[in-house]
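Work the whole structure out from these sequences, hints included.
Residue numbers (this note's numbering), protein chains in the order written: chain A, 1 to 252; chain B, 1 to 265.
Keep in mind that a hint or two might mislead.
[Said to hold, decoys possible] Computed list of lysine to aspartate or glutamate pairs in DMTMM-like fashion (alpha-carbon distance at most 20 Å, straight line): (1) 51/A to 136/B; (2) 195/A to 33/A; (3) 69/A to 19/A; (4) 14/B to 19/A; (5) 5/A to 34/A; (6) 209/A to 246/A; (7) 73/A to 60/A; (8) 118/A to 46/B; (9) 73/A to 136/B; (10) 85/A to 29/A; (11) 69/A to 136/B; (12) 21/B to 19/A; (13) 24/A to 65/A; (14) 45/B to 29/A; (15) 85/A to 60/A; (16) 118/A to 133/B; (17) 45/B to 103/A; (18) 51/A to 133/B; (19) 195/A to 34/A; (20) 45/B to 97/A; (21) 14/B to 21/A; (22) 119/A to 103/A; (23) 118/A to 106/A; (24) 15/B to 19/A; (25) 195/A to 25/B; (26) 235/B to 25/B; (27) 51/A to 106/A; (28) 85/A to 136/B; (29) 195/A to 19/A; (30) 114/A to 43/B; (31) 85/A to 133/B; (32) 51/A to 70/A; (33) 31/B to 43/B; (34) 114/A to 25/B.
[Claimed, not checked] Label-pair ranges, simulated between beta-carbon atoms: (35) 13/B to 20/A: 16 to 22 Å; (36) 36/B to 74/A: 18 to 24 Å; (37) 41/A to 253/B: 53 to 59 Å; (38) 20/B to 146/A: 55 to 61 Å.
Keep in mind the hints are simulated off the structure, nothing from the lab. Every value quoted in this text rests on a predicted model; they were computed, and no experiment measured them. Positions of the beta carbon are idealized from the N, C-alpha and C atoms, including for glycine.
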Amino acid sequence: MGNRKKVVEVRNLYKSFGDLDVLKGVDLDLFREENLVILGRSGTGKSVLIKIMVGLLLQDSGRMEVLGKEISKLGVRELNEMRLKIGFSFQNSALYDSMTVRENMEFPLVRNYKNLTKKEIALRIEELLDAVGLPQTINQMPSELSGGQKKRIGVARTLVLNPEIMLYDEPTAGLDPITCVDINNLINEVRERYKTSSIVITHDLACAKQTGDRMAVLLDGQFGALGTFEEVFPHAEDQRIKSFYDYNFINS
Amino acid sequence: MAGQSGTRKHVFSKKIDAFFKGLADAWNFFKRFFQEVFVPPYEFKEVIHQCYRIGVESLPLISLTGFIVGIVFTNQSRPSLSEFGATSWLPSLIAIAIVRAMGPLVTALIAAGKVGSGIGAEIASMKVTEQIDAMEVSATNPYKFLVVSRVLATTFMIPVLVMYTDFVALMGAFINVNANELVSISTFFAQVFSSVTFLDVFASIIKSVFFGFTIGMVGCYKGYNSSKGTEGVGKAANAAVVISMFLIFIEELLSLQIINLFRIK
Numbered sequence: 001m002g003n004r005k006k007v008v009e010v011r012n013l014y015k016s017f018g019d020l021d022v023l024k025g026v027d028l029d030l031f032r033e034e035n036l037v038i039l040g041r042s043g044t045g046k047s048v049l050i051k052i053m054v055g056l057l058l059q060d061s062g063r064m065e066v067l068g069k070e071i072s073k074l075g076v077r078e079l080n081e082m083r084l085k086i087g088f089s090f091q092n093s094a095l096y097d098s099m100t101v102r103e104n105m106e107f108p109l110v111r112n113y114k115n116l117t118k119k120e121i122a123l124r125i126e127e128l129l130d131a132v133g134l135p136q137t138i139n140q141m142p143s144e145l146s147g148g149q150k151k152r153i154g155v156a157r158t159l160v161l162n163p164e165i166m167l168y169d170e171p172t173a174g175l176d177p178i179t180c181v182d183i184n185n186l187i188n189e190v191r192e193r194y195k196t197s198s199i200v201i202t203h204d205l206a207c208a209k210q211t212g213d214r215m216a217v218l219l220d221g222q223f224g225a226l227g228t229f230e231e232v233f234p235h236a237e238d239q240r241i242k243s244f245y246d247y248n249f250i251n252s
Numbered sequence: 001m002a003g004q005s006g007t008r009k010h011v012f013s014k015k016i017d018a019f020f021k022g023l024a025d026a027w028n029f030f031k032r033f034f035q036e037v038f039v040p041p042y043e044f045k046e047v048i049h050q051c052y053r054i055g056v057e058s059l060p061l062i063s064l065t066g067f068i069v070g071i072v073f074t075n076q077s078r079p080s081l082s083e084f085g086a087t088s089w090l091p092s093l094i095a096i097a098i099v100r101a102m103g104p105l106v107t108a109l110i111a112a113g114k115v116g117s118g119i120g121a122e123i124a125s126m127k128v129t130e131q132i133d134a135m136e137v138s139a140t141n142p143y144k145f146l147v148v149s150r151v152l153a154t155t156f157m158i159p160v161l162v163m164y165t166d167f168v169a170l171m172g173a174f175i176n177v178n179a180n181e182l183v184s185i186s187t188f189f190a191q192v193f194s195s196v197t198f199l200d201v202f203a204s205i206i207k208s209v210f211f212g213f214t215i216g217m218v219g220c221y222k223g224y225n226s227s228k229g230t231e232g233v234g235k236a237a238n239a240a241v242v243i244s245m246f247l248i249f250i251e252e253l254l255s256l257q258i259i260n261l262f263r264i265k
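Have a look at this one:
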């Protein structure tokens, strides 16, 4: 990655739940304007890692630095300031189901930028809904949206705070192949347009190939492979990575 | 390092440890309310919205129940009083019973069922679908938005609903008394107001405040701490009702003891 600036630095990170050790000494770097894809089977701790990144979970030990600050050492106010710089797109979109699309997008904006006028807020929302291609949904409820639309609105809602880092948790899970391609394109567009650095959590290799500059494969609580798609997958020697590749591109 | 250790030891046993941990969590949740409620930003709009939901949307059920309680209680009390030729005391008896105990208790129990379960299920489903996490990562305090607003709303609205239930139950009682004893509305309410003291009304409102706080707090706590999955949503709603009702009866008993101290004086 040459001289590119690191925006996330993870070192020797451990996390367990009860007797279950999930992360066992994870090391990882994310560079500015890079799309890094984290792959791994279900339950390997991919989502746990990005939840530690935004302070939703606390590591047992190790270091998680985001934009030069150790997340576990931030106070409530500093953590909230940091969270404004990190957009988190949830697996199930996590749209507030009692609010319309407009209210969903207004929610973080009005609470964090109190000096914005109603007109500025409306313009920002319209701009982002245009960017994700769903301006017509502005007054709809989440229950009226399709899975793909929910994902797009979820991404738009995170972009409303103008984040520097985007975290996508299983962005294509449960979507049809055509919508998956749309979502993958959206992830790339977001990076191009808003100059974000992104981590994409997935077990969909097509999504990984289309969106990722680098791949990191999480195996047994540690990264088993790290590199470009070509470096990690087609000729993988590790049987677990090989079977992951074979299943995605040959068996399916 | 916790992350590298193999097995975890319990202080007592897994269940007893979990029980004490639950108590500690509940205490911290309760304490956090008082830490957050006076600190800006205030979610006024959400409090008003919740007051509307809890108050206005409970009216049909509360009206029906209060009215029926008034009629039934009057009907059931009449034979006992008539044995002593004291049916003229019906308005006084009913007013005291409704204002002191039945109004607050019936309203609180119905609200625990309707409002408490609703709050528990709503917050639990938000937890399961990661909506609470979504608020947290967008630098918004979900506790303040979801919990403080709902607990304030139940604390404000249950006393209002109690007064409304008292009125509706008395109207039910009046209809019954009027039909049987041909008592006019002015005579009925003159007797009601001469029997009910300031202490009765004041105590009724104060205990309703505690009932409202309990319903909101228990509903929010069970929802906020629900386990993952749709099963957790049902369990949270159910536990919110059961625990609220249990606590309401305990509070009723305690309030009776405390109010009696004032009456003796």
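Results for each hint:
For the given pair, residue 51/A sits about 11 Å from residue 136/B by alpha-carbon distance, which is consistent with the 20 Å threshold. For the proposed pair residue 195/A and residue 33/A, the alpha carbon gap of about 6 Å is at most 20 Å, so the pair holds. As the CA atoms of residue 69/A and residue 19/A are separated by approximately 30 Å, the hinted pair breaks the 20 Å bound. Note on residue 14/B and residue 19/A: the hinted pairing holds, with a Cα-Cα distance of about 13 Å set against a maximum of 20 Å.
The suggested pairing of residue 5/A with residue 34/A holds, with an alpha-carbon distance near 10 Å, which does not exceed 20 Å. Using a Cα cut-off of 20 Å, the hinted pair residue 209/A and residue 246/A holds, with the two alpha carbons roughly 14 Å apart. Under the criterion of a C-alpha separation no larger than 20 Å, the hint pairing residue 73/A with residue 60/A is consistent with the structure, at around 13 Å. Proposed proximity of residue 118/A and residue 46/B is supported: the alpha carbons are some 18 Å apart, at most 20 Å.
Taken as a hint, the residue 73/A and residue 136/B pair is honoured in the structure, with Cα atoms around 17 Å apart against an allowance of 20 Å. Note on residue 85/A and residue 29/A: the hinted pairing holds, with a Cα-Cα distance of about 17 Å set against a maximum of 20 Å. At roughly 19 Å between alpha-carbon atoms, residue 69/A and residue 136/B fall within 20 Å of each other, so this suggested pair holds. A threshold of 20 Å between alpha carbons decides the hint, and for residue 21/B with residue 19/A the separation of about 17 Å falls inside it, so the pair holds.
Taking the CA atoms of residue 24/A and residue 65/A, the gap is near 17 Å; set against the 20 Å cutoff, the hint holds. Among the hinted pairs, residue 45/B with residue 29/A is inconsistent with the structure: their alpha-carbon atoms are about 42 Å apart, more than 20 Å. Between the alpha carbons of residue 85/A and residue 60/A the distance comes to roughly 24 Å, so the proposed pair goes past 20 Å and is violated. Taking the CA atoms of residue 118/A and residue 133/B, the gap is about 26 Å. The hint is violated against a cut of 20 Å.
Distance restraint check for residue 45/B and residue 103/A: the Cα-Cα separation of roughly 13 Å lies within the 20 Å cut-off, and the hinted pair is therefore satisfied. Proximity of residue 51/A to residue 133/B is assessed by CA-CA distance (about 9 Å); at most 20 Å being required, the pair is judged to hold. Only pairs whose Cα atoms come within 20 Å are accepted, and residue 195/A paired with residue 34/A is accepted, the gap being roughly 9 Å. With a CA separation close to 18 Å, the supplied pair residue 45/B and residue 97/A stays within the 20 Å bound.
A threshold of 20 Å between alpha carbons decides the hint, and for residue 14/B with residue 21/A the separation of about 19 Å falls inside it, so the pair holds. Taking the CA atoms of residue 119/A and residue 103/A, the gap is near 14 Å; set against the 20 Å cutoff, the hint holds. At most 20 Å may separate the alpha-carbon atoms for a hinted pair to count; residue 118/A and residue 106/A meet this at roughly 10 Å. At roughly 16 Å between alpha-carbon atoms, residue 15/B and residue 19/A fall within 20 Å of each other, so this suggested pair holds.
Taking the CA atoms of residue 195/A and residue 25/B, the gap is near 41 Å; set against the 20 Å cutoff, the hint is violated. Between the alpha carbons of residue 235/B and residue 25/B the distance comes to roughly 18 Å, so the proposed pair stays at or under 20 Å and holds. Using a Cα cut-off of 20 Å, the hinted pair residue 51/A and residue 106/A is violated, with the two alpha carbons roughly 23 Å apart. Between residue 85/A and residue 136/B, the direct Cα distance comes to roughly 13 Å. Compliance with the 20 Å bound is thereby established for this hinted pair.
Restraint check: the Cα-Cα separation between residue 195/A and residue 19/A comes to about 40 Å, which exceeds 20 Å; the hinted pair is violated. For the given pair, residue 114/A sits about 13 Å from residue 43/B by alpha-carbon distance, which is consistent with the 20 Å threshold. For the given pair, residue 85/A sits about 16 Å from residue 133/B by alpha-carbon distance, which is consistent with the 20 Å threshold. For the suggested pair residue 51/A and residue 70/A, the alpha carbons sit about 14 Å apart, so the restraint of at most 20 Å is met.
This hinted pair checks out: residue 31/B and residue 43/B have alpha carbons roughly 19 Å apart, not beyond 20 Å. Restraint check for residue 114/A and residue 25/B: the C-alpha separation of about 33 Å exceeds 20 Å, so the hint is violated. Hint check: residue 13/B to residue 20/A, Cβ distance near 20 Å, so the stated range 16 to 22 Å holds. Checked against the hint of 18 to 24 Å, the C-beta distance between residue 36/B and residue 74/A comes to roughly 19 Å, which is consistent with it.
At about 55 Å, the beta-carbon gap between residue 41/A and residue 253/B stays in the expected band of 53 to 59 Å. The supplied range of 55 to 61 Å is broken by residue 20/B and residue 146/A, whose beta-carbon atoms lie about 46 Å from each other.
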